[in-house]
Amino acid sequence: MDKKEEILKVLSLNLRKVMAGSNLNFEQLQEIRLRVNKPLIVIYKNKEYFINKEYKFDSSKKNAYIVTQNEMRETMEYISNYSLYAFEDEIRQGFITIQGGHRVGVAGKAVTDGDKVKNLKHISFINIRLSHQIQGCATPILPYIMEEELVYHTLIISPPGGGKTTLLRDIIRQISNGAAEGKGTTVGVVDERSEIGACYMGIPQNDLGIRTDILDCCPKAVGMMMLIRSMSPEVIAVDEIGSREDMEALEYAINCGCKLIATVHGSSVDDIINKPLIGRLVKEKIFERYIILNAKRNIGYIETICDSRGTVLFHG
Amino acid sequence: MILKVIGAILTISSCTALGLYFSMEIRTRLKELCELRKYITILRGDIRYGGTPLPEAFKGLAERSPGSFQGFFRYVSQELLLLNGQTFQEIWEIGVKKHLNDTCLNKQDKDNIISLGENLGHLDREMQINTIDLFLSQLEGEINELSIVVKERTKLYNTLGIMSGIFITIIML
Chain A
66 MDKKEEILKV LSLNLRKVMA GSNLNFEQLQ EIRLRVNKPL IVIYKNKEYF
116 INKEYKFDSS KKNAYIVTQN EMRETMEYIS NYSLYAFEDE IRQGFITIQG
166 GHRVGVAGKA VTDGDKVKNL KHISFINIRL SHQIQGCATP ILPYIMEEEL
216 VYHTLIISPP GGGKTTLLRD IIRQISNGAA EGKGTTVGVV DERSEIGACY
266 MGIPQNDLGI RTDILDCCPK AVGMMMLIRS MSPEVIAVDE IGSREDMEAL
316 EYAINCGCKL IATVHGSSVD DIINKPLIGR LVKEKIFERY IILNAKRNIG
366 YIETICDSRG TVLFHG
Chain B
300 MILKVIGAIL TISSCTALGL YFSMEIRTRL KELCELRKYI TILRGDIRYG
350 GTPLPEAFKG LAERSPGSFQ GFFRYVSQEL LLLNGQTFQE IWEIGVKKHL
400 NDTCLNKQDK DNIISLGENL GHLDREMQIN TIDLFLSQLE GEINELSIVV
450 KERTKLYNTL GIMSGIFITI IML
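In order, the protein sequence lines correspond to chains A and B. So for the first sequence, my numbering puts the first residue at 66; every next one is plus one. So for the second sequence, my numbering puts the first residue at 300; every next one is plus one.
Just so you know, these hints were derived from the structure itself, not from any lab. Computed from a predicted structure; not experimentally measured. Mixed in with the good hints there might be a few duds.
[Said to hold, decoys possible] Computed list of lysine-lysine pairs in DSS-like fashion (alpha-carbon distance at most 27 Å, straight line):
1. K358(B) - K74(A)
2. K397(B) - K74(A)
3. K397(B) - K68(A)
4. K82(A) - K112(A)
5. K126(A) - K69(A)
6. K126(A) - K110(A)
7. K127(A) - K183(A)
8. K358(B) - K69(A)
Just chain B, same shape as in the assembly (with noise of 0.2 Å):
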């Protein structure tokens, strides 16, 4: 009896477990992607006003976003400075690939993030200007929809983990 007790628990708890994670993983890519919002806000803003080149933008962007994009970020401008015969695209996209892996974002949010490494570092300031606002517009969609759906998102991932967790223990009974 108290086998079946301990096992009722564990399985329900893990159960619910999972459900917190997943529920946890999708207010974490919102709030990933909002810090990717500020951080390329800031971008744009260096690049409008500053004419600050790429190196050193990222450079101050790692400087001062501790969350999860730092070491994404330090890796481009450091990549950057080597001038090692790699193109901006290469850099970024591997840059977007290896240190993109622990956060939250989608794989559609990544191709999205590489597609925008496609389009910095040439052609004037204009150009660069509407190829980040293209990109924050999409962001800016992405935020709206996943805020809109990620309450009850949340509570259905909680509740479909502790109902899961109740239903294959009564099944095991």
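Chain A extracted, bound-state conformation (with noise of 0.2 Å):
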């Protein structure tokens, strides 16, 4: 199934004519955003745009074609399958991973208890983030962090949207894989969002090379300990991490051996040495390779890589 079609799929019959009406290159979008009795709005090639209602682009909001609140309730059913139960420690998050890997963001009423957020009714607010798979935008920083057949510890540093989730499923794909006669290396992959392998059903849409395992919808910190206990990796690749208890794990995994790949919010080494958690894993060396992406110029943009001291070995 291709990228038009898992979006589409979703998406309430009206939209759906809308968005298939547009024309426009879904490898070249990246959000869709819903909003109850406001318009349509897409983020296509860095820039937001309109949808008028001869299913035209626009730049002006004069027009545009305004999303229903039945449409919304129609693509919240769609986009959980008939069974919003089934995702409800997703939404307590704010987001549910559809069938090729994109993230669908949810706001709307939040139900409490005490001080948890325990379920969202009344989804208003819904923001479909695409995901794209490039494969082989890893290639020119592989050899910054490996030697050999070694993998460094590594961090991408990026801030929201700048491409780091696209850029650790390569950096995992090409290690798992390993080179065309070398010998690759057994990754473990706790993707506690679903999204960098996708899993529909447990089976990965994305390709993470031929010697990945995949603990798929698993808390990070639990998922890390399992993994390293059961499938023995020699690389271990975690999306997003920020809480105690992922800081915890990391080290519980750097002292089994494990090699570490993972990413975290920021835009530089200087601005994460100031978290109080992550912080402290930086200022210990724990990592030997950073990795800093800047989305200012295009998503995926490599801006520097140093090392543990802070050496900038690559320069963009």
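Please assemble the complex out of the two chains, which come individually in their own frames, going by the hints.
Written as structure tokens, this is what we have:
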């Protein structure tokens, strides 16, 4: 199934007509934003557009297609496969991953239990972020994070939407497959939000290589421990680390002799060093390579690669 | 005389068959209600412990239900996967009307099944379980009631069939 089909499938019938009629190239589409009684907005080639009632691209909001509550309900039904209850945990976190690995963020009225969010109802805002698999995007950085067959502890730092998951995915694929003759590495992936492998019923939809084991929808901290015990990976890859439990699990993994590849939100090493939890790991020089992405020029643009002492190895 | 005998035999046998048909229908209904209870209990488990989405759950049910409900479950799971603008409730109701016609379930049973569909799919898991539990307890009541009377009724229908056959024959003679 191609990207266009995957996305159109979860939209309501009317929105499907609008999106299909607009003739856009889904490979270049980044986001679709739906808000009740507000115009339909798409982010296309890094720019924001409206789609008007004649299904044409438009940069002015006059005449823009307005999303109704009914369309929202229908779309939500499709996204959840008519089974919102099955996505309770995901909705509590604010997003659902659909077939193809695309992430659907939702907001509405929160139902709380004490200070915990129990569920979301009256979902009135949806943001569909398309996942892009760019095979080969990690090729230029591989020589910096690997020495012969040994992988360095690597941290990918990038602002949201900077392409870190895409980069991580390709790194995993390449080190897992190995070079044509060389030996690949066993990689364990804890895919808490089903974004890296985009597993659908347990089967990864994205190519993560031939030596990769994926623990899908599992909290990172628990998942890393589980993988180390069960699948004996040489490299562990996780996306968006941040919590205290994550840090403890990272240290555990390092003590077990596993190499780590992780991503984190941020703009530079200095920015990360000031964060209380991850900052400590940086100060202790646990990570041997930092890859800093900057989306200002274009998504996935590699600004610098430096080592644990801050020596710049590569400048984009 | 021969004609009269043949006529008498035909009348008695057809009336007996009618009686047997009615008694069989009531037994089949009981059997089907028990079957339905089994499948809905499986569905409940799928939702409760597996968090399985409905299309997948019904597909699983269709695969392991060789009986009268296979067509119905298969229809529902296939339609749900089409995502063609219908709500779950609509698909479910059409499924009941189209695919449960060959069963011995009566109108009340079908109405109960339809009303189960009104609350499936949305809300949280707890609510789903409660809805299914309510349906199961209704079903349980129906099954208990029926299994108490099923013996008497089948006997009644059988005897009534034979007796009415004999009665009509006597009148005609």
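Hint by hint, here is what the structure shows:
no. : hint              : in the structure
1   : K358(B) - K74(A)  : holds, 19 Å
2   : K397(B) - K74(A)  : holds, 26 Å
3   : K397(B) - K68(A)  : violated, 35 Å
4   : K82(A) - K112(A)  : holds, 22 Å
5   : K126(A) - K69(A)  : holds, 24 Å
6   : K126(A) - K110(A) : holds, 18 Å
7   : K127(A) - K183(A) : violated, 38 Å
8   : K358(B) - K69(A)  : holds, 26 Å
The earlier numbered hints that this structure contradicts are 3 and 7.
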